[in-house]
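Residue-level listing of the chains:
2 protein chains.
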Amino acid sequence: MLTWADYICRMLSKSQISFIKSLHHKKFRKETQLFLVEGIKSVVEFLNSPYKIKIVYYTDDIDKKFLTLLMQNNISTDLISQQDLQRISALNSSTSVVAIIEMGIHTIDVAYLQGKYSLVVDGVQDPGNMGTIIRTADWFNIHQIICSENCVDVYNPKVVQASMGSLARIPVTYTDLSVMLSQVASLPVYGALLHGQAVYETQFMEQGIILVGNEGNGISLNLQPYITQAITIPKFGKAESLNVAIATSIICSELRRPKG
Amino acid sequence: MLTWADYICRMLSKSQISFIKSLHHKKFRKETQLFLVEGIKSVVEFLNSPYKIKIVYYTDDIDKKFLTLLMQNNISTDLISQQDLQRISALNSSTSVVAIIEMGIHTIDVAYLQGKYSLVVDGVQDPGNMGTIIRTADWFNIHQIICSENCVDVYNPKVVQASMGSLARIPVTYTDLSVMLSQVASLPVYGALLHGQAVYETQFMEQGIILVGNEGNGISLNLQPYITQAITIPKFGKAESLNVAIATSIICSELRRPKG
Chain A
0 MLTWADYICR MLSKSQISFI KSLHHKKFRK ETQLFLVEGI KSVVEFLNSP
50 YKIKIVYYTD DIDKKFLTLL MQNNISTDLI SQQDLQRISA LNSSTSVVAI
100 IEMGIHTIDV AYLQGKYSLV VDGVQDPGNM GTIIRTADWF NIHQIICSEN
150 CVDVYNPKVV QASMGSLARI PVTYTDLSVM LSQVASLPVY GALLHGQAVY
200 ETQFMEQGII LVGNEGNGIS LNLQPYITQA ITIPKFGKAE SLNVAIATSI
250 ICSELRRPKG
Chain B
0 MLTWADYICR MLSKSQISFI KSLHHKKFRK ETQLFLVEGI KSVVEFLNSP
50 YKIKIVYYTD DIDKKFLTLL MQNNISTDLI SQQDLQRISA LNSSTSVVAI
100 IEMGIHTIDV AYLQGKYSLV VDGVQDPGNM GTIIRTADWF NIHQIICSEN
150 CVDVYNPKVV QASMGSLARI PVTYTDLSVM LSQVASLPVY GALLHGQAVY
200 ETQFMEQGII LVGNEGNGIS LNLQPYITQA ITIPKFGKAE SLNVAIATSI
250 ICSELRRPKG
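First to last, the protein sequences are chains A and B. One point on numbering: in numbering that gives the first Met the number 0, the residue at position 184 of the first sequence is 183, and numbering is uninterrupted. One point on numbering: in numbering that gives the first Met the number 0, the residue at position 113 of the second sequence is 112, and numbering is uninterrupted.
Check each hint, because a few of them may be wrong.
No copy labels: a pair is met if it fits in one copy or bridges any two.
Said to hold, decoys possible - Here are the simulated DSSO-like cross-link-like pairs (lysine-lysine), alpha carbons at most 27 angstroms apart as the crow flies:
id : residue 1 : residue 2
1  : Lys157    : Lys25
2  : Lys53     : Lys13
3  : Lys157    : Lys20
4  : Lys63     : Lys29
5  : Lys51     : Lys26
6  : Lys237    : Lys258
7  : Lys40     : Lys237
8  : Lys237    : Lys51
9  : Lys53     : Lys237
10 : Lys157    : Lys40
11 : Lys258    : Lys234
12 : Lys64     : Lys51
13 : Lys29     : Lys53
14 : Lys234    : Lys40
15 : Lys237    : Lys64
16 : Lys13     : Lys237
17 : Lys157    : Lys29
18 : Lys237    : Lys115
19 : Lys237    : Lys63
20 : Lys234    : Lys157
21 : Lys237    : Lys157
22 : Lys20     : Lys258
23 : Lys115    : Lys13
Since the hints were made in silico from the structure, they are not lab data. For clarity, every value in this text was computed on a predicted model and none was experimentally measured.
Modelling step: build the complete structure from the supplied sequences, incorporating the hints.
See the structure below:
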């Protein structure tokens, strides 16, 4: 069986392209523990992180400073044609860089949740929403993100893109949330529900968990008993609901907002 | 020249499909002043609005209550095959309804901005961001949205989808923002910039304008002189920036947040 390394050489063959394109799909990302990151800004964020970059494919219009940075960090690079880059890219945007990166291994240590705020995400499906949630959590200094197993894969190229490099900084794990939440009974769990205390009146403790749910259905019924404080964002107009990334961001903003 | 009505009959011909699909593109939406709305929830929102629905295409697995509602409102309908519906849909999501709707004519009356809050959007390109901004503005009772001419078209199917029906309620206009802003000198303009007063400390007046900018470049330099109060969302973590829809939502939340 060929490993990723067998595919790395100067010219992209059909089988190399096919291998890289397989990383557009969750199944192959899981098998190989590799994922794609596109665009210079995002690749630089992963370079400055514990993640290991396997190789960076670039085209000849690349920013030379970026290339020097890669060289200085002993990152393998490969100059390929614009056409080949478009073939391996999972995004429609015009990028000049695609990197193959090794997934980190993130595990949850329940003790590790103490003294901080974590974000628990139940069933979020949309890659753009998930990426935006990661980016926003990074802005508001949320310590880590714990996802239910039916959430979209955070190594999905669209999630990586929307996270704007924040995925390189925030540990994300997948687990059975009911098991996890049952183990952290000492922590307050602030759950975003349609009917709860107005988030503007919520007194957030020093440590805790923010729990947000699926785009259409909210937080699963089996998780709701773990909520110690139901919170809601008051409605002033007529929209039926808020987007989950928007709701998460407003809650995070309220959490960090100076008191008084 | 054929009008839209010539294309409406019981079976979808190639030219009908081609006409409907032309509405995926801004040029033809502008020419015909028609746009597409997909999904029952969104179509119901437009049904309960001043917009005029021309026709609703549906498949045989349609919710009968919805069909009855259309009949009661004398809306033209056409039962088509699942295959045809997929052909005319602009979205990848599985929908069972596509409606053709007439654009409303929204004009800006500067006097109309008085005594309320309006959102002014400069150069937002991403359809998902624009749709989410419209939905969030609707939640927070923002009166209207005024876009620069280089913003994404709000009748783009992806914008319509992300707005979750709120486009049916909030008037959106396109104009030269520097001309518009020069005419409303009596109103405070709160501009979202990287360096400004912390939004948590901002005292919002009774009426005004929230100004937000492009995803990458923020508010255009030529519009910045119209800002009477630069505001910023304080950073607590490490992300370089916030998504524009997220920033807009946090500002709107602060605007509506009860004082004290």
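Checklist entry - Which of the stated hints cannot be reconciled with the structure, identified by number in ascending sequence? => result Numbers 4, 16, 22 and 23 - these are the hints that the structure violates, sorted from lowest upward.
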